[in-house]
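Participant: Chains as they are written, first to last, in our numbering: chain A, 1 to 234; chain B, 1001 to 1386; chain C, 2001 to 2105.
Hints are computed from structural coordinates only; laboratory data are not their basis.
Source: prediction; values computed, not measured.
Built from N, CA and C at the ideal position, the CB exists for glycine as well.
Take the hints with a grain of salt, since some may be wrong.
Said to hold, decoys possible - Computed spacing ranges between beta-carbons, pair by pair:
hint, chain 1, residue 1, chain 2, residue 2, range
1, A, D73, B, R1291, 36 to 44 Å
2, C, A2035, A, K146, 55 to 63 Å
3, B, W1373, C, T2013, 57 to 65 Å
4, B, V1355, A, R148, 38 to 46 Å
5, A, R148, B, L1323, 42 to 50 Å
6, B, W1373, A, R227, 32 to 40 Å
7, C, V2036, B, G1083, 35 to 43 Å
8, B, D1240, A, R148, 55 to 63 Å
9, B, L1323, C, L2012, 17 to 25 Å
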Amino acid sequence: MTAGHERFIATDGVSKTYNPRRADPVRAVDTVTMHVDRGEVLVLEGPSGSGKTSLLSLIGCMSRPTAGRIVVDGRDVAKLAESELTMERRQRFGFIFQQFHLVADLPVIENVLVPLYPTELSLREMRRRAHAALGRFALDAKASRKVRTLSGGEQQRVAIARALVNDPQVVVADEPTAHLDRRLAEELLAILEDIHRDGRTVVIATHDPRIFDHPIVDRVLEMRDGRIVGERRR
Amino acid sequence: MRRHLKILEFALSALWRRRFKNLAIVVVYGFTIAVLASILLMTDAMRGEAEQILIGAPDLVVQRVAAGRHDLIPVDYAEEIRGLPGVGEVSPRYWGYYFDAFTESNFTFVGIDDGPPYELELLEGRLPSAPSECAVGEGVARARSTGVGHELTLISHDGLGVIFDVVGEFQASSSILTNDLVVFRNADLVELFGIPEGRAVDLSVEVFNDGEVSTVAAKVKRIFPDTRPITRSEILRTYDAVFSWRSGMLLTVFAAALAAFCILAWDKATGISAEERREIGVLKALGWSTRDVLELKFWEGAAISLTSFLLGLIAALVHIFLLGASLLAPVIQGWSVLFPEFRFTPSITVYQLFVLGFLTVVPYVASTVAPSWKAAVTDPEEVMRG
Amino acid sequence: MIISKHRAFLLLTAVEVAVVIALVVRARGVAADLAVTDILAKRAVAARLGLTDLAIWTEARYTRHPSQTDLFSPFQDFPSSLEHFPAGSVVGVPDLTGFRQPAEP
Ligand SMILES: Nc1ncnc2c1ncn2[C@@H]1O[C@H](COP(=O)(O)OP(=O)(O)OP(=O)(O)O)[C@@H](O)[C@H]1O
Ligand SMILES: [Mg+2]
Chain A
1 MTAGHERFIA
11 TDGVSKTYNP
21 RRADPVRAVD
31 TVTMHVDRGE
41 VLVLEGPSGS
51 GKTSLLSLIG
61 CMSRPTAGRI
71 VVDGRDVAKL
81 AESELTMERR
91 QRFGFIFQQF
101 HLVADLPVIE
111 NVLVPLYPTE
121 LSLREMRRRA
131 HAALGRFALD
141 AKASRKVRTL
151 SGGEQQRVAI
161 ARALVNDPQV
171 VVADEPTAHL
181 DRRLAEELLA
191 ILEDIHRDGR
201 TVVIATHDPR
211 IFDHPIVDRV
221 LEMRDGRIVG
231 ERRR
Chain B
1001 MRRHLKILEF
1011 ALSALWRRRF
1021 KNLAIVVVYG
1031 FTIAVLASIL
1041 LMTDAMRGEA
1051 EQILIGAPDL
1061 VVQRVAAGRH
1071 DLIPVDYAEE
1081 IRGLPGVGEV
1091 SPRYWGYYFD
1101 AFTESNFTFV
1111 GIDDGPPYEL
1121 ELLEGRLPSA
1131 PSECAVGEGV
1141 ARARSTGVGH
1151 ELTLISHDGL
1161 GVIFDVVGEF
1171 QASSSILTND
1181 LVVFRNADLV
1191 ELFGIPEGRA
1201 VDLSVEVFND
1211 GEVSTVAAKV
1221 KRIFPDTRPI
1231 TRSEILRTYD
1241 AVFSWRSGML
1251 LTVFAAALAA
1261 FCILAWDKAT
1271 GISAEERREI
1281 GVLKALGWST
1291 RDVLELKFWE
1301 GAAISLTSFL
1311 LGLIAALVHI
1321 FLLGASLLAP
1331 VIQGWSVLFP
1341 EFRFTPSITV
1351 YQLFVLGFLT
1361 VVPYVASTVA
1371 PSWKAAVTDP
1381 EEVMRG
Chain C
2001 MIISKHRAFL
2011 LLTAVEVAVV
2021 IALVVRARGV
2031 AADLAVTDIL
2041 AKRAVAARLG
2051 LTDLAIWTEA
2061 RYTRHPSQTD
2071 LFSPFQDFPS
2081 SLEHFPAGSV
2091 VGVPDLTGFR
2101 QPAEP
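With these hints in hand, go ahead and build the complete structure from the sequences.
Facilitator: Structure, rendered in structure tokens:
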């Protein structure tokens, strides 16, 4: 549990406006200044529509802000070209989506391999890493099964294996427990704890009290209407 | 390099997911290309052959046109044409058509002048050199079950049966030229057809200098306004046009293939499915760049269309040059009762193959890549919201 | 080790290309052989008999002798006119330039 104090990601007055040229622009993120320290577990909490997902995708280099700066490991990513932004995303981030977003009729192993295809790794090395990632979640034996034949819990673990396969520094999870029952939610938290113990930074957006009351969480940022309105440290 | 191969690898995995659908596409697409290529290769082979063979045709043929129809020409015309500068031999040609009631097929009768050579490499036996002799093409021999040493009975213009001795039979390999021929001495043909004294079917004119043929033709036309001179280059040009790409069938099939492409492209261009868009978003979220995604789509299109093209081309080459166009022949044959068996002299240019490849592969790839463009350039954020 | 899909694909494509090349080379070889023997022999037949056309379609005068037909055969009415005979679906429209008054020399 080493919540370092080195700034890893920092935003400076970042805003994200959807439909800026339309009559009804939506300011999903409103001049937010915050940071993520290296190695910490940070939770963004807030009601639906408060801008958690929007902020998360800005931090995760999935989209670019309409205004403000985002510095990732000393590099301003707000104005990077698309390909550069992709490189950042590929090298630093692993994503766990609420809906898993697995390709149902590809085998498990192929799903886990997806993030590695556009790299320079050899196919052999790719397979080795994918098997290692799956092995961690006791899924190695099911590597060649079609995803659609797996249980929900197994699917989630495949999705997590995929998020870890490129050895990311930051794991970003959006509402990871939204559709999970108690047991699976516990399991997920245990996995997140494990990931954190690897030394990875974890950023979670959620409104699930099971998460932000959990002991692994270092810090909770409260969001309302696109703004950060509070911070709790544990 | 390795990255491209790996993206190809993933593209193949993606195609493998729907292998039966994709296999069906390859089969249908490959078949279309095979038909297209067969027609192209065949008409080209025939055109090449026509061009090569018909160099042996007369320099200039002068026919008479009366009331808008081809009519018998007075032999006197020959005298005057012979007087033109640069003109060599002018000989009346006797030939015509014969409907054979026994076999319900059409024969072509050709008369030759007396004079050597009587032997030709592609002729078993010899050409007729005495009255009541004839040589027949392979199709005629087969239809009438006759051959060298046998007889051939024909009905003359006045309804009488006339018996000819078959002294020669053209080999099958010359069928494209001789299949329906019966060759007689001119005198026999004139008698058989009852061509009036002093008339011929047309005149064959020898012109010493190739460059002067059209000048001679113009002069003939001026002297005898009721004639129509046909130069050899016009004959060659006719065959060029006859087998040209414009030929109706090719156009029809091609139009159909093109329409199929358009429907496919339209179907894809009018929006990829939400499922596909989501998949592209996921790829982008997982670190694929726009270029990688477009490359993936490129490989998907290229793998399908290249495989279809090559398989179709192989099928067409085998069909035309090894199987003698056995499947297409009936289509071309139409209502001909006597139809020569084809042995195609291949004429393939690399250019042809490239045009065919270009016209088939490129549209397909384009219609695979283009619709994904928009999804590929969009920020992947959308997938976070499902 | 399982052979990866892209290798299989590239191999298949290479084989297909090789087959195409082999067929084309063979066909061209045949063509070259025929050019010196067969074609010359056929040309001699055409020259000796004074033939102007190929004996492919025997169903009508204008399909048997496309180069010798007159303007009023169905073929020539109009470039896209409907043809009576199936051969018309393969055979294009003859070149009609011969019907024009040749230019003064
Ligand atoms: N593409 C878009 N176009 C317009 N408005 C959008 C778009 N995406 C998000 N929004 C709006 O931005 C606001 C913030 O959305 P966001 O998804 O970040 O909220 P959230 O906090 O993640 O909500 P939830 O808890 O329901 O997931 C919402 O009001 C939403 O309607
Ligand atoms: Mg959200």
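Participant: Compare the structure with each hint and give your call.
Facilitator: How the hints compare with the structure:
At roughly 24 Å, the beta-carbon separation of A:D73 and B:R1291 lies outside the given 36 to 44 Å, and the hint is violated. A hinted range of 55 to 63 Å for the beta carbons of C:A2035 and A:K146 is consistent with their spacing of about 58 Å. Taken as a hint, the range 57 to 65 Å is violated for the pair B:W1373 and C:T2013, whose Cβ atoms sit roughly 26 Å apart. As the Cβ distance of B:V1355 to A:R148 is approximately 44 Å, the hint placing it in 38 to 46 Å holds.
At about 45 Å, the CB distance of A:R148 to B:L1323 agrees with the hint of 42 to 50 Å. Judged by the Cβ atoms, the range 32 to 40 Å given for B:W1373 and A:R227 holds: they are separated by roughly 36 Å. With their beta carbons about 39 Å apart, C:V2036 and B:G1083 fall inside the hinted range of 35 to 43 Å. Look at B:D1240 against A:R148: about 59 Å separates their beta carbons, and that is inside 55 to 63 Å.
Between B:L1323 and C:L2012, the C-beta spacing of about 23 Å keeps the proposed range 17 to 25 Å intact.
Checked against the numbered hints given earlier, this structure breaks hints 1 and 3; the rest are met.
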